[in-house]
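> Now for the letters of each chain:
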Amino acid sequence: MNEQDIRAGVIAVLKTIAPEIEDSGIDANSPVRAQIDLDSMDWLNVVVALRERFKVDIPEADYARLATLNTIVAYLAAKLET
Amino acid sequence: MAVQELPRRLRKSAADLRVAPNLTDYESARAGFTWANATAELSGLPGGGMNIAYEAVDRHARSALADHVAFRFLASEGQSRAVSFGELARLTNRFANVLRRLGVVKGDRVFVLAGRIPELYVAVLGSFKNGSVVSPLFSAFGPEPIVTRVKLGRGKVLVTTDQLYRRKVEKVRSSLSTLEHVLVAGEAGGQVEIPGCLDLRRLMAEASEEFAIERTAAEDTALLHFTSGTTGTPKAAVHVHGAAVTHYVTGKSALDLHPEDVFWCTADPGWVTGTSYGIIAPLLLGVTSVVDECDFDAERWYRILQDERVTVWYTAPTAIRMLMKSGDELARKYRFPRLRFIASVGEPLNPEAVRWGMAVLGLPIHDNWWQTETGGIMIANTPAMDIKPGSMGKPLPGIDACIVQRREGTGIERIDEPDVEGELALKAGWPSMFRGYLDQEERYRGCFAGDYYLTGDLAKRDADGYFWFVGRVDDVIKSAGHLIGPFEVESALMEHPAVAEAGVIGKPDATVGELVKAFVSLKTGSSPTEALRAELLAHARKRLGAAVAPKEIEFRANLPRTRSGKIMRRLLKARELGLPEGDTTMLEEI
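Those protein sequence lines, which keep their order, are chains A and B. Residues in the first sequence are numbered from 1 upward in steps of one, following the working numbering. Residues in the second sequence are numbered from 83 upward in steps of one, following the working numbering.
Derived by calculation from the structure, the hints in this document are not laboratory data. Each residue gets a CB set at the ideal place from its N, CA and C atoms; glycine is no exception. Among these hints, one or two may not hold up.
To be verified - Heads up, incomplete: computed chain A residues facing chain B, CB under 8 Å, no partners named: (1) 19; (2) 23; (3) 33; (4) 60; (5) 64.
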């Protein structure tokens, strides 16, 4: 899976929880939760959906690394490589 | 220890208490308590009157506490900013001067819509000084809940941030006809220029640090807290400056705050807990509060408890359950030697969470109970008291609680027999009791029978005097400790052209208590597709915001209604849960 596929997958996951978002409306370098209206439950659902979609383990201690679209993609890319 | 081994009663010994509790002998404290004596512990305004901000800030700023830290604000990137009582007095004076310069006077409504940033706290307290009435809005509300509340409260001023304004207010600004001033703080710092808005930081910089507090009386309105009912629009519960007496007393009795404490109330000031206990109560007691600007994150929270040396922690069952989910290993990376008392509010705390607190944090968690209308904690498990896991505890000194049954035509009947389910009622007259629902006198009077305020919560009292929450009398949804009115959600869904009718219920959820679930029937010509479900979800989220919008939407060919046309939410819920459907004689169609 290349970076572009991962990015598309992450956006698809975000859209299942917050379908109101538009691809172009996300600034990949600023925190996702500052741009998209996600409460704590939504955010946990996003993480669960990422786990399921990408078949990776995302321990709670890593949540801080999931701040922006770019860091999420980089995090998943690194996980998928190993 | 397995769940079933958890004792029904956690007894405490002197060794469990690192600090002598403020409330030790429950019975004698109750017997000797009067609200008049409690009021005398506050200062009152010099020359007479009562103002929350004077009690909370200025009287400390003029004392040895002037340099004591009032708030330690933690920003996302690890920076923190400490604000002393002296500095808080000067900042809130500046804000009061900003209002005065704009012609905002006593009684005018100031709405605040922001995350947990310093400006929000300054605006709330500065508004009190000006005699203006504060109404907090939750920053996760979407445009519709904001519009509804600002209109009902006839807001004159809105204090918010540039990002929240752009995302939630700009498009609906023209419908907010009472709003004269919007004060905006730039989230990135620095100055902001938005048409129709004023830069809060510039106004603050220009304002004087001297301000003579408006002479408010104990019965003058200080706050409007919006809450949701089953039907109709949200209601604004009116609270007065004199409520500070309850905040002061309960900060001592239920939260056991001592002068040297570091207190962390995790509630957002967009809701009543975050105002009464996230702002007012610790300040009244001269106690340092930690305020975290970020949203929930398990590791961050453990780090804050450890690094900020939090001693008293007031949080909510949803947060505790999310911490439990994140695993004990994470918690064990941190140490909490300073932490000595944990309390929780918002919904009943399950016994398993009490056990988890003991195993992982080394302390049990003390549940307490109150609601928007009561303004402050009414019933609590206090430090010196045995905890009965799953119970909300016993009524605090000054509070007379009982179980009643409503009787048609004849008011209420008090039930003194233990373990009988009924409605929780409180003898009216404590200082933080709401004084009305704004412009809805009849709805307010409907909450009282004789001398008692009827809470709308079903509960029972055991033989030892502990109260146990059972459920709600009405259909109001309790999600993550917040009340959500099904009507508000249904109305937003009905605005979508494909929707014929909508029924919204609280679906039990292990983490948030209840999640908002919507049942929707469609108009002829619309099909129940996944694409439409996503569209409805987007529609609802854009209008209501994540905190109120449904988490689940299910299509139904039609919804059960009464003969008078009301959607039977009770029946939708019973079916969702596979429970007996109860009395369906009023049902029209299935």
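> Please go over all the hints and tell whether each is borne out by the structure.
Evaluation of the provided hints:
Interface restraint check: residue 19/A against chain B, minimum CB-CB distance 4 Å, threshold 8 Å, status holds. Checking residue 23/A against chain B: minimum C-beta separation of about 14 Å lies over 8 Å; hint violated. At its closest, the beta carbon of residue 33/A sits 6 Å from a beta carbon of chain B; the interface hint therefore holds under the 8 Å criterion. Taking 8 Å as the C-beta contact cut-off toward chain B, the hint placing residue 60/A at the interface holds, the least distance being around 4 Å.
A least Cβ separation of about 7 Å between residue 64/A and chain B falls short of the 8 Å threshold, and the interface hint therefore holds.
When the structure is compared with the earlier hints, a violation turns up for hint 2 alone.
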